[in-house]
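Engineer: Heads up: the sequence shown at position 117 corresponds to 546 in the numbering used here, and the numbers run straight through without jumps.
FYI, nobody ran anything at the bench for these hints, they're computed from the structure. Since this is a predicted model, take the numbers as computed values, not measurements. Do not take every clue at face value.
[Said to hold, decoys possible] Computed list of lysine-lysine pairs in BS3-like fashion (alpha-carbon distance at most 25 Å, straight line):
1) K489 x K450
2) K433 x K507
3) K450 x K433
[Stated by the list, open to error] Here are the computed distance ranges between Cβ atoms for each label pair:
4) F435 x K532: 38 to 44 Å
5) N444 x P548: 28 to 34 Å
6) G525 x R465: 36 to 42 Å
7) V496 x E539: 21 to 27 Å
8) K532 x G500: 19 to 25 Å
9) K532 x A462: 16 to 22 Å
10) L495 x R465: 29 to 35 Å
11) G466 x A543: 18 to 24 Å
12) G525 x F469: 29 to 35 Å
13) S438 x G540: 24 to 30 Å
14) H434 x G527: 23 to 29 Å
15) L526 x R487: 29 to 35 Å
From the three backbone atoms N, C-alpha and C, an ideal C-beta is built for every residue, glycine too.
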Amino acid sequence: SAPKHFIISPLRANNVPGPGKGISKFARVARVALLRGTQFVGNQLRLETFPAIMESRRWKFHEQNLVVRYGPELENLKLYVEFNFEHQLSGNDRLGLGLSDRKAACQVTEGTVAWCVIPVSV
């Protein structure tokens with residue numbers, strides 16, 4: 430039987446907390462995956478957002494349509510969305526890990542600040 434699919438078009442997310450004190454340069458990244466019960470199914474997608482000022486709790490996504498395909502045998506699926514901040518390592522992190530400046534420049538720290546689960550009805 431042919432795979433099923435649905436299309437999502439993320440627009441914005443409101444009231445998402447910030448990354449915390451002391452972090453002024455960061456990128457907002459949302460990760461999306463299918464969830465069946467308590468297990469993830471398939472790959473995750475990474476969604477970029479427009480840059481925002483630190484005080485803003487609204488995330489605005491780049492306009493895009495995402496086609497999500499899944500096997501016809503899968504039922505009761507949910508969409509798991511995770512809201513993350515990425516930022517460069519701090520000086521203390523760099524020292525604690527024993528990284529050179531060159532290696533540390535290639536590393537980021539990512540932290541999840543919120544998540545949600547959305548039922549999929551197709």
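Engineer: All hints, please: hold or fail.
Structural biologist: How the hints compare with the structure:
no., hint, in the structure
1, K489 x K450, "holds, 22 Å"
2, K433 x K507, "holds, 14 Å"
3, K450 x K433, "violated, 44 Å"
4, F435 x K532: 38 to 44 Å, "holds, 41 Å"
5, N444 x P548: 28 to 34 Å, "violated, 20 Å"
6, G525 x R465: 36 to 42 Å, "holds, 38 Å"
7, V496 x E539: 21 to 27 Å, "holds, 26 Å"
8, K532 x G500: 19 to 25 Å, "violated, 41 Å"
9, K532 x A462: 16 to 22 Å, "violated, 30 Å"
10, L495 x R465: 29 to 35 Å, "violated, 18 Å"
11, G466 x A543: 18 to 24 Å, "holds, 22 Å"
12, G525 x F469: 29 to 35 Å, "holds, 31 Å"
13, S438 x G540: 24 to 30 Å, "holds, 26 Å"
14, H434 x G527: 23 to 29 Å, "violated, 47 Å"
15, L526 x R487: 29 to 35 Å, "holds, 34 Å"
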